[in-house]
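Now for the letters of each chain:
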Amino acid sequence: MPSTPVLSVIVAAGFRWRLTSLALSSFLLGTSSMALAVQDEAQPGDPGLRHRDVPASVPNISGMWQVRGYDRYIKPEDGSLPPWLPWNKEAFDARAAAEAAGSPLYDPTAACLPSGVPRIIAAPYPVEIVQTPDKTVFLYETQHLFRVIHMNAEHPATLEPSYMGHAVGRWEGDTLVIDSVGFVDSTQIDEQGSKHSARMHVVERIRKLENGSLEVRFTIDDPGAFSQAWTARRVWEWRPDVRFFEYVCEENNRNAPDENGVLRNF
Amino acid sequence: MNYFARLCRRAPALLFATSLLPLLTFAADDLPPDIGGTWQVSSYVKGVRDLQGQLPPFTTAGRQAYDSNLAERREMKPRSDMTRCVPSGTPRVMFAPLPMLILQTARKITFIQEYHHQLRHIYLDEPLPAIDAIELSFMGESVGRWEGDTLVIDTIGLHRDTVLDREGLPHTTDLRISERLRLLPGGKQLEDVITFTDPAYYSAPWSTRVVYDAKPGVELKEYNCLAVYEDL
Numbered sequence: 001m002p003s004t005p006v007l008s009v010i011v012a013a014g015f016r017w018r019l020t021s022l023a024l025s026s027f028l029l030g031t032s033s034m035a036l037a038v039q040d041e042a043q044p045g046d047p048g049l050r051h052r053d054v055p056a057s058v059p060n061i062s063g064m065w066q067v068r069g070y071d072r073y074i075k076p077e078d079g080s081l082p083p084w085l086p087w088n089k090e091a092f093d094a095r096a097a098a099e100a101a102g103s104p105l106y107d108p109t110a111a112c113l114p115s116g117v118p119r120i121i122a123a124p125y126p127v128e129i130v131q132t133p134d135k136t137v138f139l140y141e142t143q144h145l146f147r148v149i150h151m152n153a154e155h156p157a158t159l160e161p162s163y164m165g166h167a168v169g170r171w172e173g174d175t176l177v178i179d180s181v182g183f184v185d186s187t188q189i190d191e192q193g194s195k196h197s198a199r200m201h202v203v204e205r206i207r208k209l210e211n212g213s214l215e216v217r218f219t220i221d222d223p224g225a226f227s228q229a230w231t232a233r234r235v236w237e238w239r240p241d242v243r244f245f246e247y248v249c250e251e252n253n254r255n256a257p258d259e260n261g262v263l264r265n266f
Numbered sequence: 001m002n003y004f005a006r007l008c009r010r011a012p013a014l015l016f017a018t019s020l021l022p023l024l025t026f027a028a029d030d031l032p033p034d035i036g037g038t039w040q041v042s043s044y045v046k047g048v049r050d051l052q053g054q055l056p057p058f059t060t061a062g063r064q065a066y067d068s069n070l071a072e073r074r075e076m077k078p079r080s081d082m083t084r085c086v087p088s089g090t091p092r093v094m095f096a097p098l099p100m101l102i103l104q105t106a107r108k109i110t111f112i113q114e115y116h117h118q119l120r121h122i123y124l125d126e127p128l129p130a131i132d133a134i135e136l137s138f139m140g141e142s143v144g145r146w147e148g149d150t151l152v153i154d155t156i157g158l159h160r161d162t163v164l165d166r167e168g169l170p171h172t173t174d175l176r177i178s179e180r181l182r183l184l185p186g187g188k189q190l191e192d193v194i195t196f197t198d199p200a201y202y203s204a205p206w207s208t209r210v211v212y213d214a215k216p217g218v219e220l221k222e223y224n225c226l227a228v229y230e231d232l
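Chains as they are written, first to last, in my numbering: chain R, 1 to 266; chain S, 1 to 232.
If you are wondering where the hints come from, they were derived from the structure by calculation, not from laboratory data.
Since we're looking at a predicted model, the values are computed, not measured.
Hints should not be assumed to be uniformly reliable.
[Unchecked claim] Where chain S lies over chain R, by a calculated footprint (3+ residues, C-beta under 8 Å):
(1) 63–76
(2) 93–102
(3) 187–199
(4) 206–218
[To be verified] Only some residues are given here: those of chain S computed to face chain R with a beta carbon under 8 Å:
(5) L31
(6) I35
(7) P87
(8) L98
(9) L103
(10) A106
(11) R107
(12) K108
(13) I112
(14) M139
(15) V143
(16) W146
(17) E219
(18) N224
We put the beta carbon where it would ideally sit given N, CA and C, even for glycine.
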């Protein structure tokens with residue numbers, strides 16, 4: 001019976017401290033007017049966590065976020081099924097059948113390879129955004145991955161395919177638009193198992209909602225895998241209370257028990 | 001709440017903030033230098049040496065651990081190595097010959113290494129956590145502070161699955177690392193003087209120095225140690 005190597009994920013327990021984003025305000029605190037200021041500074045987007053030279057006119061999305069809920073199945077935002085091409089539908093159904101039969105098929109992340117885009121958008125782990133004057137950087141807890149979004153730049157004429165792709169971005173009013181191309185064809189759209197081709201083109205549109213959460217709408221345009229472009233949506237919550245833990249996927253086989261049955265901590 | 005109401009609610013804070021503006025302008029003169037951007041080590045060394053170019057001052061136990069690591073490497077089965085595709089960890093990653101991107105903000109410095117996409121998160125102006133309050137890790141727990149133009153980073157909490165350099169300079173879990181980073185005159189190079197304190201393996205604290213060249217415009221590439229599995 002085929003079996004997938006199950007690589008357990010070691011999420012090293014670490015420590016979590018409340019970020020001290022209000023430290024300066026607390027120092028000055030004492031008047032009711034400052035109490036109001038504290039309230040305002042607590043709004044998502046942390047000036048202390050983005051580069052000082054980013055113009056104030058650029059919406060501040062720097063700081064820690066985490067997806068609301070976890071849905072491993074990325075579908076069009078109206079709840080319909082992804083418009084798979086026949087081969088992709090077959091692959092999707094085969095994967096579901098194998099999983100139902102208890103012998104799941106190979107998933108690149110089980111071999112500690114990057115989730116890729118758009119799968120990482122839905123990953124249930126913290127993500128920190130750092131804005132600099134010419135970059136918007138996403139730092140992920142899962143697999144210590146990162147994406148550098150080159151702001152107001154063009155994709156190079158030639159790209160070596162990669163798991164996370166090549167990304168350029170720009171602000172359209174209050175919306176950050178990220179355009180990504182240059183993907184390998186081996187990652188999955190999502191954990192559920194939709195595939196894509198190397199022709200995939202992903203456009204993310206990210207903006208703050210009224211309640212301070214971050215809306216990430218992303219359009220997948222891939223004529224090699226889908227009959228038409230389709231758009232999905234996730235919401236990221238502001239998580240200033242969260243600090244990164246160390247997540248090292250490859251570490252799994254280092255906690256073998258010793259002769260006394262005690263787990264060795266290398 | 002409509003816009004006018006929000007404005008009214010914020011009015012006292014805005015007035016107060018406005019009164020602070022002269023202070024902010026003054027403070028701007030005291031901003032630390034900007035070390036953000038892409039850097040790459042000037043010259044790659046597999047075996048790290050101290051500031052005099054010598055092997056560090058081992059204790060007997062440290063020498064034994066070092067010799068053992070060297071022997072493992074000769075046999076091509078080092079316990080602590082990228083052959084298993086685990087992170088090389090702190091501080092070894094600081095000697096890697098691939099580009100790194102530094103993100104600088106007021107409260108946090110992040111090092112992104114192309115080499116196995118290793119991330120170092122440096123929280124500024126915070127105390128180090130107590131060693132028994134953290135889990136040992138590849139990258140350790142780091143806090144930093146600016147001393148004038150120098151960024152001082154203290155790191156603890158490194159587990160035994162890392163070594164200090166490619167040759168296998170060893171450490172115990174008591175290792176404390178202190179780094180002093182500063183721009184060299186001209187701003188095109190960044191210097192990191194790294195001091196190791198680990199009494200069980202080294203008879204005295206010792207330091208090494210690594211210099212990085214500015215690499216403006218260089219984009220980090222994707223580094224996937226395990227991509228070979230895709231062909232299996």
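Consistency of the hints with the structure:
With 0 residues bearing a CB less than 8 Å from a CB of chain S, the region 63–76 of chain R misses the requirement of three and the coverage assertion fails. Residues of the region 93–102 of chain R with a Cβ under 8 Å from some Cβ of chain S number 0, which does not satisfy the need for three, so the listed coverage is violated. For a cut-off of 8 Å, the count of residues in the region 187–199 of chain R with a CB near a CB of chain S stands at 0, and the three-residue condition is violated. Taking a C-beta to C-beta cut-off of 8 Å, the region 206–218 of chain R contributes 0 residues in contact with chain S, too few for the three needed, and the coverage statement is violated.
Here the hint on L31 of chain S is kept, as its CB sits about 7 Å from the closest CB of chain R, short of 8 Å. Of the supplied interface hints, the one on I35 of chain S is violated, with its beta-carbon coming no nearer than about 11 Å to a beta-carbon of chain R, more than 8 Å. Contact between P87 of chain S and chain R, as hinted, is supported at the beta carbon level, the nearest pair being about 6 Å apart and thus within 8 Å. Look at L98 of chain S: its Cβ only gets to about 14 Å from chain R, farther than 8 Å, so that hint breaks.
The restraint placing L103 of chain S at the interface with chain R holds, with a minimum CB-CB distance near 5 Å, inside the 8 Å limit. Because the smallest distance between the Cβ of A106 of chain S and any Cβ of chain R comes to about 4 Å, under 8 Å, the interface hint for this residue holds. Interface restraint check for R107 of chain S: the shortest CB-CB distance to chain R comes to about 4 Å, inside 8 Å, so the restraint holds. Here the hint on K108 of chain S is kept, as its CB sits about 6 Å from the closest CB of chain R, short of 8 Å.
Of the supplied interface hints, the one on I112 of chain S holds, with its beta-carbon coming within about 5 Å of a beta-carbon of chain R, less than 8 Å. Interface restraint check: M139 of chain S against chain R, minimum CB-CB distance 6 Å, threshold 8 Å, status holds. Because the smallest distance between the Cβ of V143 of chain S and any Cβ of chain R comes to about 11 Å, over 8 Å, the interface hint for this residue is violated. Interface hint status for W146 of chain S: violated, as the beta-carbon distance to the closest one in chain R is roughly 13 Å, over 8 Å.
The closest approach between the C-beta of E219 of chain S and any C-beta of chain R is roughly 7 Å, which is under the 8 Å cut-off, so the hint is satisfied. Here the hint on N224 of chain S is kept, as its CB sits about 6 Å from the closest CB of chain R, short of 8 Å.
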